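**Q** Protein chains in written order, with the UniProt record's numbering: chain U, 1 to 425; chain B, 1 to 329.
Quick list of simulated restraints, FRET-style, between CB atoms:
#1 U:Asp-315 - B:Asn-54: 40 to 46 Å
#2 B:Gly-23 - U:Asn-218: 52 to 58 Å
#3 U:Ser-375 - B:His-305: 35 to 41 Å
#4 B:Trp-53 - U:Gly-398: 48 to 54 Å
Some chain B residues close to chain U (C-beta under 10 Å, calculated; not the full set):
#5 Arg-3
#6 Cys-28
#7 Gln-30
#8 Asp-38
#9 Ser-45
#10 Cys-46
#11 Phe-48
#12 Gln-49
If you are wondering where the hints come from, they were derived from the structure by calculation, not from laboratory data. Just so you know, these numbers come straight off a predicted model, no measurement behind them. Beta carbons: idealized from backbone N, C-alpha and C, even for Gly.
Listed below are the residues making up each chain.
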Amino acid sequence: MRIIVIGGGWAGCAAALQAKKCGAEVLLIEKTDLLLGLGNVGGIIRNNGRFTAAEEMIALGGGDLFKIADNCARHKNVDFPGHKHATLYDVNRIEPEVRNYLYSKGVNVIFETRVVDVGTEGNRIKSIYLFDGTEIEGDVFVETTGSTGPIGNCLRYGQGCSMCILRCPSYGPRISISMRAGVEDIQGLRGDESFGAMSGSCKLVKETLSEDIQEKLNKDGVVVLPVPKEDINVEKLNMKVCQQYALKEFAENIVLLDTGHAKLMTSYYPLEKLRKIPGLEKAKFVDPYSGGKANSIRYLSMAPRENTMKVCGLDNLFVGGEKSGLFVGHTEAIVTGTLAGYNAVRAGLGLNLVELPITLAVGDIINHENEMKKSIEGLKLRYTFAGANYFERMKKLGLYTTNVEEIRNRVRSLMLEKFFETRII
Amino acid sequence: MFRYIDCIDAGTEFCPCNLADTGECIICSQLRGKTFCDCLNWKGSCIFQEYYWNHNKSKKVREFAEYVVVDKKYIRDDLIKFDIQVNAHLARQLNSIGSYVFLKNPKSPEFFSTPISIMKSNLKNNQITVVVKIIGVKTKNLGLAGDKILLKGPYWNGIQGQVFLKGLKNSTLFIAARGVAAAPALMVAKKLKLKGNEIIVALDVGRHSENFAKKDFTDLGCKIIDVSMVDYSKYSLKEEFIKIIAELKKKYEFKVILSAGSDEFHELLLNHLYQFDNSLKFATVNNGIITCGEGVCGSCEAKLHNHLIKTCKQQYNPAELFIKPKGEV
Ligand SMILES: Cc1cc2nc3c(=O)[nH]c(=O)nc-3n(C[C@H](O)[C@H](O)[C@H](O)COP(=O)(O)OP(=O)(O)OC[C@H]3O[C@@H](n4cnc5c(N)ncnc54)[C@H](O)[C@@H]3O)c2cc1C
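This is chain U alone, in the form it adopts within the complex (with noise of 0.2 Å):
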């Protein structure tokens, strides 16, 4: 049995490499060089819930990723405001690790080859065309090309392309496959009922910044700097994507956290005002990198879904990640990508479909996102375990803890332990 998976970014690593655990042949197909698409400039992990996320998924089996991320973590514990035990790990080191470990599992991966159309049968996808009229060929299908982009959507709801990671004008724009084969898109939406949103954070070349301060960040992952009085612009954090920074002291300040570059917890600042701030004289941007003027803009193209990951009115065609809702995070992405790539090869053998249970966090995000985007309140909310009403969410359910044998011990009540380890073919 053959799966495609189209997009690389986390959704897409988790759900091909669970695929083959699983006994599928597998073909991970994306359109840059790189694997990982918005995890090259992420790298917080383990903050808040997110910790009993990644927990959960060690311990149901699913949890390959998160041990390479925590190999490459260059900081671990790491505090900033509302935000505890974050591992950070470092982006420049992370992507060949996976790159290593999905091609030891044996999934195949194209680089450079981007998926622009669909073959379909009734409710089935047959195949999918690339670029250059190519077509291939599979029995399942799992879409995990993100929401970001292209350039005309950055412009329309955005500032303009500005020039980030996955690198549109060389690799080409994202498509949403799933519309391609007849299913209509959801859009999230601003606080102002505007779509899309826009992404959070910037990265500054490390070298660039004063001594002290890579000297701070290479020792505690972390620093704050007060911003001007003049400067601060609480009305930006309505735009973020990442409603769990969106907190007044993310306006108040500057906050940096060390991924290998120095993350800039703030969607764009102007240059000129950055350098304003005392030891950032010389800073400069990396990611994006026009990151003093725009940002690119997400959550255009999510996917209806059921909480099987299955989109609703195609057989064979499943999404994870920012393509399956409103979700933000590599952890995120690696949960549904995950549970994308097993009821991809159950779909493919013919067996019904399983959703996670909603007594573990990992099942219950899915499902609560899944019936809030229901509403046009919902769809202005995010979901992370990292914060804002989601993190809210789990403490009030309790679902939340950091005490890892607590976490074994509810998988293994629910008889789930290993649970993605098991080959179904």
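Following the hints, complete the assembly by docking chain B with the ligand onto the known chain U.
**A** Leaving out everything else, chain B with the ligand in the frame of chain U:
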């Protein structure tokens, strides 16, 4: 279902064009009345962004300018060869596969302008060569032009299926050319020679002893076969041509063919070759009735899979248009 869609002007200095102003862009969904990206063929630049940065206006349109006719020669009673002095920029822009211009006698009104393929563009002296066949009002009128001529260009869609030609390197191209269609075929031959391709040209002797472009093809180092191609009584390919094609196919194992003739000829040739090998790739000379060249007037439109194609600037896959499954006419 995958649709082969391309706009020859996409990403050039003429893009976005008038079609963007009217929400009819061939490539960009945002400039086709949608509010989200779903572009049909990425050419390396975002047309919507270009439009936005151009103050939500299309780019400049091509306009007529007067050039000097350096040489005008009757090759036959109905074939005129013009050498026209243009500027270096235009000569360079026209030195490419599929390029054409609109020509007009300066004394005539705008609607006399007619599209003519570029046969040669000499970058040393900035002269272009075109061959005009006198067939009707416009071309007759052009024949009356003196030492000045009005020219509008560059346009590039004179050959369909350019993707197959532009990708060909160190391989073999088979050209079957008839009459005046040999002119754009010569430009193709020149370009593909530069990429190390061997070029086999079957030239139709037609009603005359040999094609006007034979010497030029020979000078480029192409292998030439003179042959009579069409049996007019049944409008079919002649046995002798069919035999020659079979021999050439066996000997040179070409994978790409340029059909340079009328649409009826494209249909005969493509269907014939396709029967033997359905992996062949075809390019064809564009015979659309081109009037404005900007996708606006509608005279050149062709129908393919229920979509209208503006053939003056939109590329299609000739196999999809001309190859008819058996039994379908
Ligand atoms: C600047 C920034 C910083 C962030 N920081 C963090 C952080 O610190 N911690 C955190 O948890 N989250 C962070 N996030 C969010 C997080 O990175 C994303 O939510 C998550 O990684 C999304 O994963 P994904 O796989 O769904 O999508 P993506 O990462 O967008 O992956 C989609 C992939 O599909 C490919 N693709 C698209 N179209 C096609 C096509 N047609 N054919 C083939 N391939 C295609 C793309 O090239 C890409 O590789 C950050 C996001 C941004 C933008």
